[in-house]
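Enquirer: Sequence:
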Amino acid sequence: MVTDSEIAYPSVAVIMLNWNTPEMTISAINSVLQSDYPDFSIHLTDNGSKDNSFEIIGKELGNRIHLYRIEKNIGYAGGMSYCLEQGIEFNPFYFLIINNDTIIDKNAIKNLVEAAKKHHDNCVVTGKVYFYDEKDVLQTVGNEFNRVKMTEKRIGFKEKDLGQYDEEAEREMIDDIFMLLPAKIYREIGGYSKYFFLNYEQTDLILRIRNKGYKAIYTPNAKLWHKGSFSTGGLGNPYMMYWEGKSSLIIHYLYQSRFNFLKFYFTYFSNTFYSLIKGIIKKILSKDKSLKPRIAKFHGFLSGTCWIFS
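Each residue of the sequence shown is one higher than the one before, counting from 187 in my numbering.
Hints in this document: simulated from the structure, not taken from any laboratory.
Be aware that one or more of the hints could be misleading.
Cβ pair distances, simulated, as ranges [stated by the list, open to error]:
1) 224 - 344: 50 to 58 Å
2) 320 - 424: 36 to 44 Å
3) 448 - 220: 28 to 36 Å
4) 246 - 397: 22 to 30 Å
5) 249 - 455: 27 to 35 Å
6) 322 - 246: 47 to 55 Å
7) 257 - 425: 45 to 53 Å
8) 376 - 448: 35 to 43 Å
9) 337 - 224: 35 to 43 Å
10) 491 - 401: 29 to 37 Å
11) 452 - 271: 20 to 28 Å
12) 472 - 350: 42 to 50 Å
Derived DSS-like pairs: lysine-lysine, alpha-carbon spacing no greater than 25 Å straight-line [to be verified]:
13) 409 - 258
14) 339 - 413
15) 335 - 236
16) 236 - 413
17) 413 - 398
18) 321 - 370
19) 339 - 236
20) 321 - 296
21) 303 - 292
22) 413 - 292
23) 303 - 409
We put the beta carbon where it would ideally sit given N, CA and C, even for glycine.
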């Protein structure tokens, strides 16, 4: 019997979401279509867009992709899980999870697969992520991760690529900006957790993968350029800050000891509440625009608290 790793080019299902950004998504998909890998399919879910994204993308890309539509936005985690469920029906050997605000190198899929095969597909794999507007400046090559504090630090962040990360390495944590996921791992652990809508869903996924004994691998041979948080309005906006407030509580609750979680909870509450009061004072004294994100984060904290007790 021929195993997946013995096949020269095992099939890859590329998984991507769109939310109100059809032109950007089309650009990302067109970069995937330029890939030199001979056996891949593209699966795109329009995750409850309020514009006419579904029609625009369908007209532009036609039968070159598998296009799905969810009427109501169910979040990044929910949308990706839905798309994975559709893709598994095609019986791929791998999934390539990729953000829609990216441009992928034409050799990236082949190099990701080669790295996975070296480890007998007992791993997830990512590569070099560059800033979209600074083609040779790194955004991440994997992350350091503190399991006690549940914090991540991007390796190589804002460093010019001078070859300092040109060795393959195992990482404690990786981003799913683009990530090769063997289908056998997906079948064992499932997709993204329903506990998350946005933020920390990738942390939870990688922790579940690593807790099963699989590795997270970084390969320098796969490259991608990333804009970052484009569809959600950028980092620090109220939408993002709400989910930061809620999801941070959930991830700590799931993976910390109860003693460490309680320490985190009360510290987080005091910091978030102090930030809110500070924002209110600034608003009274001037026309400072930082109040809405502070309110959103505190609202998210309260929502996360309700989730814990429910």
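Enquirer: Going through the earlier hints one by one, which of them does the structure break, listed in rising order?
Expert: The structure conflicts with hints 1, 2, 3, 4, 5, 6, 7, 8, 11, 13, 15, 17, 18 and 19, although it agrees with all the remaining ones.
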